[in-house]
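Peer 1: Sequence:
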Amino acid sequence: MICVILLLSTVLYAERLPNQLLQESSENTPFSSPQMACIPCRGPGPDPEAEYSKVTSNRPLKNWGRSYQFTPAVVVEAATFEDVIEAVQDTEKYPTPVRALGNIHTVTEAVVNEGGTVVLMRKLNQIIAVGNDDEGQTVTAQAGTTLLELHNWLGKKGLEMLVAPEIGDASVGSIVGSVTKDAGPGPPSETGSLYKAIVGVKYVDHMGRVVRLSKKEHAAELGLFKCSEGLLGIVLEVTFRVFPESLVQLSLKIMNTKDMVKKISTDILSKTRTAFILVQPELSFIETREPAPEGAEASSEFWWSLIAAFKLPNFQHGLVLFPFPLLKFLPYRACLYRRTQVNHYGEPGPRDNRLDFSWYEYPFERFEEVVTAFNAFTLDFAERHNGWRPGACATYFMERMTNKPHGWFSCKGKGYEKAGMSFTLDPIFNNPNDPNWRAFVKECNVFAVAHGGRVALTQTREMDRDTYLACPGQVPLKEAPNKRFTTPFFARFVEREGEDIEIPL
Numbered sequence: 001m002i003c004v005i006l007l008l009s010t011v012l013y014a015e016r017l018p019n020q021l022l023q024e025s026s027e028n029t030p031f032s033s034p035q036m037a038c039i040p041c042r043g044p045g046p047d048p049e050a051e052y053s054k055v056t057s058n059r060p061l062k063n064w065g066r067s068y069q070f071t072p073a074v075v076v077e078a079a080t081f082e083d084v085i086e087a088v089q090d091t092e093k094y095p096t097p098v099r100a101l102g103n104i105h106t107v108t109e110a111v112v113n114e115g116g117t118v119v120l121m122r123k124l125n126q127i128i129a130v131g132n133d134d135e136g137q138t139v140t141a142q143a144g145t146t147l148l149e150l151h152n153w154l155g156k157k158g159l160e161m162l163v164a165p166e167i168g169d170a171s172v173g174s175i176v177g178s179v180t181k182d183a184g185p186g187p188p189s190e191t192g193s194l195y196k197a198i199v200g201v202k203y204v205d206h207m208g209r210v211v212r213l214s215k216k217e218h219a220a221e222l223g224l225f226k227c228s229e230g231l232l233g234i235v236l237e238v239t240f241r242v243f244p245e246s247l248v249q250l251s252l253k254i255m256n257t258k259d260m261v262k263k264i265s266t267d268i269l270s271k272t273r274t275a276f277i278l279v280q281p282e283l284s285f286i287e288t289r290e291p292a293p294e295g296a297e298a299s300s301e302f303w304w305s306l307i308a309a310f311k312l313p314n315f316q317h318g319l320v321l322f323p324f325p326l327l328k329f330l331p332y333r334a335c336l337y338r339r340t341q342v343n344h345y346g347e348p349g350p351r352d353n354r355l356d357f358s359w360y361e362y363p364f365e366r367f368e369e370v371v372t373a374f375n376a377f378t379l380d381f382a383e384r385h386n387g388w389r390p391g392a393c394a395t396y397f398m399e400r401m402t403n404k405p406h407g408w409f410s411c412k413g414k415g416y417e418k419a420g421m422s423f424t425l426d427p428i429f430n431n432p433n434d435p436n437w438r439a440f441v442k443e444c445n446v447f448a449v450a451h452g453g454r455v456a457l458t459q460t461r462e463m464d465r466d467t468y469l470a471c472p473g474q475v476p477l478k479e480a481p482n483k484r485f486t487t488p489f490f491a492r493f494v495e496r497e498g499e500d501i502e503i504p505l
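When you line the sequence shown up against UniProt numbering, it's residues 1 to 505, in that order.
Hints are supplied without guarantee of correctness; some may be wrong.
[What the hints assert, rightly or not] In silico lysine-lysine, BS3-like type, Cα no more than 27 Å apart, as pairs: (1) Lys215 - Lys202; (2) Lys263 - Lys253; (3) Lys123 - Lys202; (4) Lys404 - Lys202; (5) Lys93 - Lys123.
[As the list claims (entries may be wrong)] Here are the simulated distance ranges between beta carbons: (6) Val475 - Glu217: 21 to 27 Å; (7) Thr56 - Asp134: 43 to 49 Å; (8) Met207 - Thr266: 52 to 58 Å; (9) Pro291 - His385: 40 to 46 Å; (10) Gln89 - Ser270: 51 to 57 Å; (11) Glu135 - Ser300: 31 to 37 Å; (12) Gly346 - Ser300: 22 to 28 Å.
Just so you know, these hints were derived from the structure itself, not from any lab.
Predicted model only: the values in this text are computed from it and were never measured.
All residues carry an ideal CB built from backbone N, CA and C; glycine is no exception.
Given only the sequences and the hints, what does the whole structure look like? Please build it.
Peer 2: This is the structure we're talking about:
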């Protein structure tokens with residue numbers, strides 16, 4: 001019966017998708033141009049069939065979701081560290097500002113660098129080595145390596161990172177200064193965000209100098225760099241904490257949302273169990289995750305492949321068909337490795353449904369209050385917009401970091417001062433350029449300010465300076481060394497645009 005429901009859901013999805021063709025218009029797409037022939041974003045790693053020269057001019061780029069299209073003056077396909085250094089040092093050949101990009105999965109305007117220099121890092125995708133430090137094992141990888149590549153490589157060696165965000169096409173360089181979240185179990189000091197897993201970086205600063213930072217020797221400076229949104233330098237290598245690979249037990253249940261918010265602390269979360277939840281006003285999809293029982297074996301590949309055949313296309317295409325009511329008849333339990341939760345999202349066509357979201361953080365102590373208010377806000381928006389509403393909200397839980405300087409997942413700002421848990425409430429939709437979706441996100445930003453929520457510049461859409469600074473614990477970005485790395489988007493949020501700021505080493 002379970003197999004039949006899964007297969008039927010997948011077939012229904014495949015049949016419905018062509019009827020969900022979405023309109024792409026220059027009117028609703030920032031920085032778009034009707035005659036622009038955009039270069040497809042490739043999957044993990046460099047495309048061996050691509051024949052780009054190292055440097056090209058006026059080459060149009062877009063993010064994966066096709067919500068932002070722009071034309072840098074110069075695009076550099078970096079194949080060596082020297083290519084990156086040259087792009088930073090030679091200000092005549094490579095116009096300011098300079099911005100490094102990976103597979104361009106960012107959902108916000110943070111990727112846009114119109115008329116500047118973009119350094120594509122995808123060819124710098126070597127995994128260098130497993131090492132050791134005073135706290136345990138590490139792995140070092142070049143900045144263009146994708147999370148999927150790294151997780152699979154580690155799995156072959158019986159190792160894992162305890163944080164496994166499901167969008168595996170993100171490059172490790174791109175996530176150093178950006179928010180990440182995951183619902184994996186484990187020690188709170190090591191899980192929830194890749195910020196915790198990063199123990200070293202090598203980067204090129206605004207003068208073209210190669211700088212190395214390690215958690216052991218430069219803890220404060222490394223923390224500042226990991227808050228910098230990429231404004232302090234272009235990452236060359238990243239070193240992560242790794243552990244012996246272990247099984248995680250996933251279990252699914254569907255609950256009435258009103259019951260879910262009341263039972264979150266008693267029936268869903270525990271000291272060893274966390275959860276990923278898709279929240280709708282009526283029902284919630286709850287996937288709990290905890291260490292597998294002692295002696296448990298990994299679930300069969302066939303069983304997990306069947307579940308993944310349903311989950312992956314639905315998430316990739318923005319929950320265009322996610323049958324919450326049907327899923328209550330499909331409870332599943334599986335023992336899996338974290339790397340099986342890391343996915344490759346294929347390149348969407350111009351009319352395909354595709355995942356888009358906007359990120360918000362709230363204190364866990366206010367979970368019932370905030371979720372209840374947000375669902376009421378969603379239903380009110382639907383009444384005002386002919387029934388339109390997002391597919392669901394993705395919710396993750398994680399312990400805040402007492403040593404993080406500011407912003408997301410820090411212990412800074414009203415309501416977040418003490419060590420404790422936060423949760424995210426990220427609305428999801430299937431067309432980044434839909435006018436209703438964009439209007440909804442703008443109202444979500446207002447809701448976040450009114451309810452003590454926080455935002456992230458690389459994952460919260462439609463963001464402006466006033467809204468950003470109104471959120472608890474957010475500060476004007478002090479990390480911009482000078483205009484070399486400060487694109488017009490980030491210039492809205494920096495404190496001292498144009499001033500050199502050195503990291504003392």
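Peer 1: Determine which of the earlier numbered hints do not hold for this structure and return their numbers in increasing order.
Peer 2: none
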